[in-house]
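Visitor: Working from the sequences, and respecting the hints, build out all of it.
Protein chains in written order, with our numbering: chain A, 1 to 356; chain B, 1001 to 1257.
No wet-lab data here; the hints were simulated from the structure.
Heads up, a few of these hints could be off.
Subject to a maximum C-alpha distance of 30 Å in a straight line, what follows is the list of computed DSBU-like cross-link-like pairs (lysine-lysine) [claimed, not checked]:
# : chain 1 : residue 1 : chain 2 : residue 2
1 : B       : Lys1049   : A       : Lys13
2 : A       : Lys23     : B       : Lys1049
3 : A       : Lys23     : B       : Lys1120
4 : B       : Lys1104   : A       : Lys9
5 : A       : Lys23     : B       : Lys1101
6 : B       : Lys1096   : A       : Lys237
7 : A       : Lys189    : B       : Lys1049
Quick caveat: nothing in here was measured; it's all calculated off a predicted structure.
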Amino acid sequence: MGDWSALGKLLDKVQAYSTAGGKVWLSVLFIFRILVLGTAVESAWGDEQSAFKCNTLQPGCENVCYDKSFPISHVRFWVLQIIFVSMPTLLYLSHIVFLMHKEEKLNKKEEKLRDIQSKGEDVDVLLRKIEIKKFKYGLEDRGKIKMRGGIFYTYIMSIVLKSIFEVVFLLIQWHLYGFTLSAVYTCQKFPCPHKVDCFLSRPTEKTVFIIFMLVVSLVSLALNVFEFFYVILKRMKDQIRESAKNFESACNIKPCPRNLSSYGYYNDCSAPAPVPNLGYNLDTGDKSNSSDNYDKQANEQNWTNYSTEQNQLGQTQRFPYPEKVTLGKDLLLLKELEPRPSSRASSRARPDDLDI
Amino acid sequence: MNWMSLQVLLGGVSQYSTAFGRVWLSVVFVFRVLVFVVAIQQVWNDEQKDFICNTAQPGCANVCYNKFFPISHVRLWALQIIFVTCPSLMVVAHVKYREMKDEKYITLHKGDHLYVNPGKKRGGLWYTYILSLMFKAGFDAGFLYILYFLYHFDMPNVTKCTEEPCPNTVDCYISRPTEKKIFTLFMVVSSSVCIFMCICEIFYLINNKVRKFLRKRRDRITDSNYRRVDPTASSTQNLSNLEKAKAAAEEKESEPT
Chain A
1 MGDWSALGKL
11 LDKVQAYSTA
21 GGKVWLSVLF
31 IFRILVLGTA
41 VESAWGDEQS
51 AFKCNTLQPG
61 CENVCYDKSF
71 PISHVRFWVL
81 QIIFVSMPTL
91 LYLSHIVFLM
101 HKEEKLNKKE
111 EKLRDIQSKG
121 EDVDVLLRKI
131 EIKKFKYGLE
141 DRGKIKMRGG
151 IFYTYIMSIV
161 LKSIFEVVFL
171 LIQWHLYGFT
181 LSAVYTCQKF
191 PCPHKVDCFL
201 SRPTEKTVFI
211 IFMLVVSLVS
221 LALNVFEFFY
231 VILKRMKDQI
241 RESAKNFESA
251 CNIKPCPRNL
261 SSYGYYNDCS
271 APAPVPNLGY
281 NLDTGDKSNS
291 SDNYDKQANE
301 QNWTNYSTEQ
311 NQLGQTQRFP
321 YPEKVTLGKD
331 LLLLKELEPR
341 PSSRASSRAR
351 PDDLDI
Chain B
1001 MNWMSLQVLL
1011 GGVSQYSTAF
1021 GRVWLSVVFV
1031 FRVLVFVVAI
1041 QQVWNDEQKD
1051 FICNTAQPGC
1061 ANVCYNKFFP
1071 ISHVRLWALQ
1081 IIFVTCPSLM
1091 VVAHVKYREM
1101 KDEKYITLHK
1111 GDHLYVNPGK
1121 KRGGLWYTYI
1131 LSLMFKAGFD
1141 AGFLYILYFL
1151 YHFDMPNVTK
1161 CTEEPCPNTV
1171 DCYISRPTEK
1181 KIFTLFMVVS
1191 SSVCIFMCIC
1201 EIFYLINNKV
1211 RKFLRKRRDR
1221 ITDSNYRRVD
1231 PTASSTQNLS
1241 NLEKAKAAAE
1251 EKESEPT
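Guide: What follows is the structure in structure tokens.
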């Protein structure tokens, strides 16, 4: 029996970050494919070559005819299918690990800055910047993974790839063997002296299992298709809701009290125009993989979302900037505080990128 | 994946089961999975190699074996165990869903729990549990029926076979028929015990629910201060409703004075 524990451990990690549909798919994969393969199917196919008998005494004829009838054994074929179909999920996991890595680095930076802050120095601007970044890259929101931006596209891509692999393997299987096995195969290949009848072992049992594995593949494929449409519809709904909120907040603009010592969001108060731009500029100047995935509209929507969420949670969000410094200088100050990389290209792999 | 990983998978189920359910799980693992892995696979190991037909015709033994054993006992029991243990995962999934809802509720309502105990079989979880028991009993019964239909729980010493390419009616001899019959009966009996336990558990749960309902009705008739407990509400909501009702009743009493 093969050892599936390595794949099992990796897929277990993904479980925590999957949607409900993804978890069902993983359970189907584990129980109805891997477990059945390991326990029942491998023993049914165990003696496939030793019990493959041809009606001839010619040495070598059985070997040759077996090879011709079964270019790849069903068991090995299903093993490859399971590996290929699990691979896109592992891609998704690697993206998540990468984001977790980033979040850890940001957390460490934040800790350091808080240490510095406790010693009395003013690093509020940098802290604010880190909070914004954490919000943007943050993985978990109330226990559920935030499916947007880079992660969303990776997830969709993984579902599409999984479906394509399933279909391709099913087509290959259909082309090679069909979905039944007959008890007798005729074979005429050197060194067989003439057309010989060759007899399989357990063809009916094998047919039952072929159909079983076919049904499970189709169920997995159906789950993938359903998940695909569900995730896309959910995203569309979220975006419509966000744009509705934007529209509402744009309609309800009231001037904020003038005696603010710092810019801040208060309930029912319009945001001072520069602050969203501030967040926006911070984003565009930053070099990261995810920023390329964000278009400008998504950035603005995210920012408005954030502020609306904070309003809903009843908090005020303060952005402590020095009173007398003008906005242009604020931006310049930020740019000077942290060295920015000169190039915006982000598709190169960097040495400190994810390790799986 | 092997049987031990199935055991790990189901390890978390027992905490959400009744006592019957835990006994059922132990019976399945000790009398079915363990016996299957340790004994049955050895007994059926050489079933095709030692299936000898009284003929020199190549291929006749293969074909006769295929005719007499469309699906081997071993594979049937492997599938049966897998299908029978799966419905418990429905219960685990439902509890996890409740825990997720609870977490969301806590973050929104700052500390209040939606479910005092997400694993308690109230409301929807009760129905999920009953459904899982029905599926378990159903799958077990289904596989028992398939076994009966194919083999009639029997294992003869010799079978007769006239399939192509056998030249005439040949006698084919099965290996270890008595031992196989004993183990077949053993597995049939343990499946029947599991089905019986599932049915008992279903009756036990239904009985509990009916008794609770009757007790409440009786209390309602006798106790004028009784407030109807919403069976679909969670336990915390019920508790808070009861407390509010009590407070309101106390206020009404204190008002005239």
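Visitor: Compare the structure with each hint and give your call.
Guide: Now the hints, each set against the structure:
A distance of roughly 43 Å separates the Cα atoms of B:Lys1049 and A:Lys13; the hinted pair therefore is violated under the 30 Å criterion. Only pairs whose Cα atoms come within 30 Å are accepted, and A:Lys23 paired with B:Lys1049 is rejected, the gap being roughly 42 Å. Proposed proximity of A:Lys23 and B:Lys1120 is supported: the alpha carbons are some 23 Å apart, at most 30 Å. Restraint check: the Cα-Cα separation between B:Lys1104 and A:Lys9 comes to about 28 Å, which is no more than 30 Å; the hinted pair holds.
This hinted pair checks out: A:Lys23 and B:Lys1101 have alpha carbons roughly 17 Å apart, not beyond 30 Å. For the suggested pair B:Lys1096 and A:Lys237, the alpha carbons sit about 25 Å apart, so the restraint of at most 30 Å is met. Taking the CA atoms of A:Lys189 and B:Lys1049, the gap is about 27 Å. The hint holds against a cut of 30 Å.
Comparing the model with each numbered hint stated earlier shows that hints 1 and 2 do not hold.
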